[in-house]
Each structure stands twice: as structure tokens, then as C-alpha cells.
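Residue numbers (the numbering used here), protein chains in the order written: chain A, -3 to 204; chain B, -3 to 204.
Because the hints were derived from the structure by calculation, they are not lab data.
Just to be clear, a hint being listed does not mean it is correct.
Each pair may be met inside one copy or between any two copies, as identical chains are not told apart.
Said to hold, decoys possible - With a straight-line Cα cutoff of 16 Å, these simulated EDC-like cross-link-like pairs (lysine to aspartate or glutamate) come out:
#1 LYS56 <-> ASP45
#2 LYS93 <-> ASP64
#3 LYS55 <-> GLU32
#4 LYS185 <-> ASP78
#5 LYS55 <-> GLU134
#6 LYS43 <-> ASP106
#7 LYS145 <-> ASP64
#8 LYS7 <-> ASP45
For reference, the chains in residue letters:
2 protein chains.
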Amino acid sequence: MAQNGSNSTVKLLGTWSSPFALRGRVALHLKSVEYEYIEEADVLNSKSDLLLKSNPIHKKIPVLIHGDVSICESLNIVQYVDESWPSKPSILPSDPKDRATARFWAHFVDGKCFESIDAAAGAKDKAGRMAAGGSLMECLAALEEGFQKSSKASDFFGGQNIGYVDIACGAILGPLFVIEAFSAHEAVKPYMPTVAEFVEFAKQKFNV
Amino acid sequence: MAQNGSNSTVKLLGTWSSPFALRGRVALHLKSVEYEYIEEADVLNSKSDLLLKSNPIHKKIPVLIHGDVSICESLNIVQYVDESWPSKPSILPSDPKDRATARFWAHFVDGKCFESIDAAAGAKDKAGRMAAGGSLMECLAALEEGFQKSSKASDFFGGQNIGYVDIACGAILGPLFVIEAFSAHEAVKPYMPTVAEFVEFAKQKFNV
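Model the full assembly from the supplied sequences, consistent with the hints where possible.
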């Protein structure tokens, strides 16, 4: 196990189809933290007692359980992992300006990008889907521009190494610039569901 | 000026009625950072060239302009100020678990709490307002419980000193537990608009 101030056990409660749970797993893998992964078996239809107890406010996975403390919200988990296991590799950059840039784009992914994705998924007709699709394309263009400014001609957002923004967006945005390098990374590959698995899950979720 | 790695000038672009701009001002005040406050004159009807240039993605205040770098999003600004001027007082706690707790509740304020406030403001009828009001009361109850667990019988979230969650929620949630101590704090008082000023602003904003 990576050097760690405490000997508390680490558990991650997630579900295989969740890009948010994937963020936590990638962060723990990057830091070489040994942890128990607990699959929330039927996240669409029921919630386990462990989930309800460890995230009483949102009742959502992922939850990182470290000793007797529960950390909720995927980006919060990633920052917590980075701060609790400060050994290399760092997930957030060290310079405050670079950290602010990384947080800005991660927040952008969870805000505007997801709003567009949700709007597309929930659209009642073709016009609605087209509008949401256009909005998502604008988000991706903005993100790509941010990537071009920050990447310094590297594979990952902000430089040579996989980091906070890659973890925030690489897990979810299939058609995106980072996807090839991100998906091939050894901290990501074991946890990335296949397209066929996603299709089956989406059919069940949206009653198709 | 507080000790600072750079001699770059600091400017904050905001508007008097914005609780988000207030967050930035409180953080800068706490760190004794000298800065120029630039009022975005007519935020409801037009946006200045400086705003469009410094926040091209969201086109929203507040923006912290530090030398040639622009930092957008109010909670991002608060964290940036804390990290760029690491002198006391600290805004975020030092322990990773406490930091995660603070980030969780700040995110909760900007998510669920604001969703309820927006839903109440945008409700078309009494039933809609009642539902949104009920949702907001649930949020406040959750926040209060979080406060009770974290405050250790102190005035502020997490302890004796004003911090990240206080700045996130103290600025906006009038009826809340923290408001008295928060509003009376010398870093807050100069920037808190009066009720009469808010009423006049709301009349213009919602065409009442």
C-alpha cells in the first residue's frame, strides 16, 4: 500500500456503469491504495443499507469509506485521495493557478457538459435532441480549447501525466480528444466498461 | 499586503448584489490582500468587455484577475485565494477529512440549496412555491445538522474561525444559523447589502 498517515481500511462503494465511481477507482489506483471495491448491486431499483448510511444526504454512489469516515461526491473523493495519499503521482498540479484551472474544467464537465448530456437523454423529440446535441458540441469545443492551452502538446490535460481534469472528463466523454490515451492508461483500463455493456445498461435504464 | 509569491496586481470583478462576488471579497479580506474591486455596472442588462474577456466560457461575475490570469467561479476563487496567500487565517482546514467535509457542504449549497431557491423564485403558482420552499427547508435542516456535527459548539462551520463553508453559505442564506456571527464578522460586514437594497434589486430582476 502507498504511504498513508492512517492504517484505516479503504472501501469504495460504486457501480460498474458509473463514470463517477470510475473516477474514484482511477484515483485510488494511481496512488496504489489497496481498497475493497463494493458493487452496489442494483443501483437503478434499490439502494443498500450501506449506501443509505454512508451517504444519507444524496444517497448516491460513489462513496469512499476510509476508516469511520465517508467521503461523498466523486470529485471530492478524487481530491481527498490526492490529499490523503500525497505520494506521487500528484493528481492535482501544485501551482495554485494550475489547480484553479483544473478545478474550473472539472466543474465545467460536471455542470454544463452533464446538463447537455442529460438534456439530450431526456429530450422528447428530435428538435430537443438537436438543441442539446448542439449545446454538448459547444461544451466539447470549449473543453478542447482549454485542453490545447493547458496540455503543452502532451497527451493529458495540463501535461505529461494523467490528472484531475482527465479523470473528471476522460471517464465519460467518449468522442473526446483525451479518450485514446485515457482509456489505454493502466489505471483506467480495468474499470472502463465495454460499449456492449453500456448499451445493455442504457436499455434497462431508459426502458428501451 | 499579505505575503504573496507574486507582486501581480489583484482585481475582483463583481456586482454588489451577488453573493458569489461577496465570497471572493470576504476571502481576499480575510487574507489582507490589497485588491481593486471593479463593479460590473449593469449585470442584468449588459456585460462589460472586461467580463467577456476574462470569463469567456460563463460570462459571469465574479472573476478574480491576478496579474495576467483570470480565475472564475466563486468557490474556485476562494480556494485559489487560500492557496495563493497561504498565510493565516486558513480558509480551508488542513486535515484532508475536514477539507472533504467542507467541500461537500459548499457543493451542497451551490447544488441542492440553490436549486431550491431558483425553483421557488421561478415557481408559477403557490403549489410550486410551497414545494420548492419545502425542499429548501430540507436543505437547511441537512446543513444545520452538518453544522452541529462540525462546529464543536462554535460560531462557525468547523470551528472557531470563519471558513470555507461559512463563506459558501453565510453570504446567501438569510434565515440560517450562521448568519448572525457571519454578518457581524469584520471581513463580511462591509460587503453585505441591506435588505432594502436587495428588495429594490429583486424588483428589477423579476419585473415586479
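These are the hints, each one checked on the structure:
| no. | hint | in the structure |
| --- | --- | --- |
| 1 | LYS56 <-> ASP45 | within (12 Å within a copy, 41 Å between copies) |
| 2 | LYS93 <-> ASP64 | between (33 Å within a copy, 11 Å between copies) |
| 3 | LYS55 <-> GLU32 | neither (20 Å within a copy, 43 Å between copies) |
| 4 | LYS185 <-> ASP78 | neither (20 Å within a copy, 36 Å between copies) |
| 5 | LYS55 <-> GLU134 | between (31 Å within a copy, 15 Å between copies) |
| 6 | LYS43 <-> ASP106 | neither (23 Å within a copy, 25 Å between copies) |
| 7 | LYS145 <-> ASP64 | between (41 Å within a copy, 14 Å between copies) |
| 8 | LYS7 <-> ASP45 | within (15 Å within a copy, 49 Å between copies) |
Taken one by one, the earlier hints fail for this structure at numbers 3, 4, 6, listed in ascending order.
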